[in-house]
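2 protein chains.
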Amino acid sequence: MKKLINDPEDIVDEMLEGMVLAYPDRLRRLDGTEVLVRADGPVDGKVGLVSGGGSGHEPTHAGYIGDGMLDGAAAGQVFTSPTADQLSEMVKACDAGEGVLNIVKNYEGDVMNFDTAAEMAAMEDIEVEQVVVDDDVAVEDSLYTSGRRGVCGTILVHKAAGAKAAAGGDLSEVKAVAEKVIENTGTMGTALTSCVTPDKGEPTFDLGEDEIELGIGIHGEPGTERTDMMSADEITTHLTEKVLEDLALDDGQEVMTIVNGMGGTPLMELFVVNRKLQEILGEHGLETWDSWVGDYMTSLDMMGCSVTVCAVDDELKELLGAPVDTPALKQ
Amino acid sequence: MKKLINDPEDIVDEMLEGMVLAYPDRLRRLDGTEVLVRADGPVDGKVGLVSGGGSGHEPTHAGYIGDGMLDGAAAGQVFTSPTADQLSEMVKACDAGEGVLNIVKNYEGDVMNFDTAAEMAAMEDIEVEQVVVDDDVAVEDSLYTSGRRGVCGTILVHKAAGAKAAAGGDLSEVKAVAEKVIENTGTMGTALTSCVTPDKGEPTFDLGEDEIELGIGIHGEPGTERTDMMSADEITTHLTEKVLEDLALDDGQEVMTIVNGMGGTPLMELFVVNRKLQEILGEHGLETWDSWVGDYMTSLDMMGCSVTVCAVDDELKELLGAPVDTPALKQ
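Protein chains in written order, with numbering that gives the first Met the number 0: chain V, 0 to 330; chain W, 0 to 330.
One chain only, chain V, in its complex shape:
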């Protein structure tokens, strides 16, 4: 294993230190925790938005803390849920009296610990609502989930709900927006290589030299099938058709898309995928309103990508297109 790390046990702590040093005016670490919050938060009169999960998916989630997105993000150890105690500390720190929305990716550990954190916060009279993102169309149940997994579509939930909160929406309105994005978003990914976790130091799963895994999860969980290596166009077609089949959109529907890199994939290749993705959407009579290409939710050093499609209406376009100012996303 070759990684730019010191002791694997210190990697999350040292990453968080390095993040705060990079964005001292934006991010603040809650003492004694692996929770980052807005340096200027909580914001008076605004619903708080928080998320979190295992580390190794950077810039998810702390990269999305800032104006128009998240107020806090809890970083568990690599691929491990943050504890309920830390999540509870985060919820409390991000409440300005208007309540807090927990945005949770659908993994059993995350859901359980966020549930507990919500109960702990409620005991202190903080109003907490929770949404669970399950945008991965690949598999119904998986290694760490009942139901579908939450993957890159989560970023669109952060964005739209964050914009609603910034615009003064109340907790139920912000939650409704989050649920609307979840209903209208599908994602599917592929791995060309396995990720290597810092503590294990070797590939999480074995893939042959000419094999890829379709429908992969963001922790290297098994997908739907292993196939021989295919061309970028073939892979993009496979991923996109599966997502579109799930969403079952009407002709002329406007969409926004993400071609997301898994951490080890050159940006060049993601643009090659985007080219085919947009061609396929056109063939389906869909209209692309906006498209993002880059590393939004990664899986350590995994090579591969995911394709996300979100059907948008006027409300979602206004929210997804609203200004945002975070380390990882600005518009």
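Please keep in mind that the hints were generated in silico from the structure rather than gathered at the bench.
Possibly wrong hints are sitting among the right ones.
Identical chains share a label here; the pair holds if one copy fits it or two copies do between them.
[What the hints assert, rightly or not] In silico lysine to aspartate or glutamate, EDC-like type, Cα no more than 16 Å apart, as pairs: (1) 1 - 198; (2) 1 - 233; (3) 45 - 286; (4) 329 - 66.
Place chain W on chain V using the hints.
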């Protein structure tokens, strides 16, 4: 080799198509070329800024086209200079009558072709000036260069000169800013793994399982030494000390820094490097004014990073901190 590509011969063309589809309001491709320019350019009354070079370094350079940075970027084939003809087309397309500054990384092919392009443009009465960036402190001459190589510090040249042009600076003023950044910037990189070019399909150079290369170039050119794998702190110390030795800054000097990923490095690891970098700068009595962490100038799928330090004064802080709106950099 596993890459998200179709025919390796088509990768640059398809990447450019995918970029324009991702940013249709921002980027326009010059017909029959691999040149991208501002969709709304050339901008009346503004000096044009252009750059270019071999592909494989994305988001360099086309990702930096937009308000406050570049007007055009030429993409050669992977690790191969764009032709003089294409560079000349770009210069012409980016001239609004105020002249054009070519920002060239110091590689023999790039310098030669930009020189020829400048001569061709001059014959059509376009005023052209040129700067050559050589921020890599690792080696004096190398495989593709006389003198030092141009690497990630080039982005700061784009940024500061772009801000000067956006503020209405004339060609000589914009060039002077570019030269000021070049004089005050140093970079050094390391590779943990070799990049794999699409046409060759195998590692450009061999590195043992426990070996790294210090002072690596962005095309996998040899660096200063091969050593056993070291910790992130040791690597960061080595890179930073070399850069600081070269810059020889006074106590109390303000700097901006970049921890740049080479394409295959998880963002998590780059933050670990940033933590140590900032600690070292403090020990040297330097004050960090701003720090960037991310993939700014990559080398395909290479794992590794570079550290850039730029000494800033009030003028450079104003320019480097000015608003910018491009696909890859917004502030």
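For each hint, the structure was consulted:
no.: 1; hint: 1 - 198; result: within (12 Å within a copy, 25 Å between copies)
no.: 2; hint: 1 - 233; result: between (31 Å within a copy, 14 Å between copies)
no.: 3; hint: 45 - 286; result: neither (33 Å within a copy, 35 Å between copies)
no.: 4; hint: 329 - 66; result: both (9 Å within a copy, 14 Å between copies)
In terms of the numbered hints stated before, the structure departs from hint 3 and from no other.
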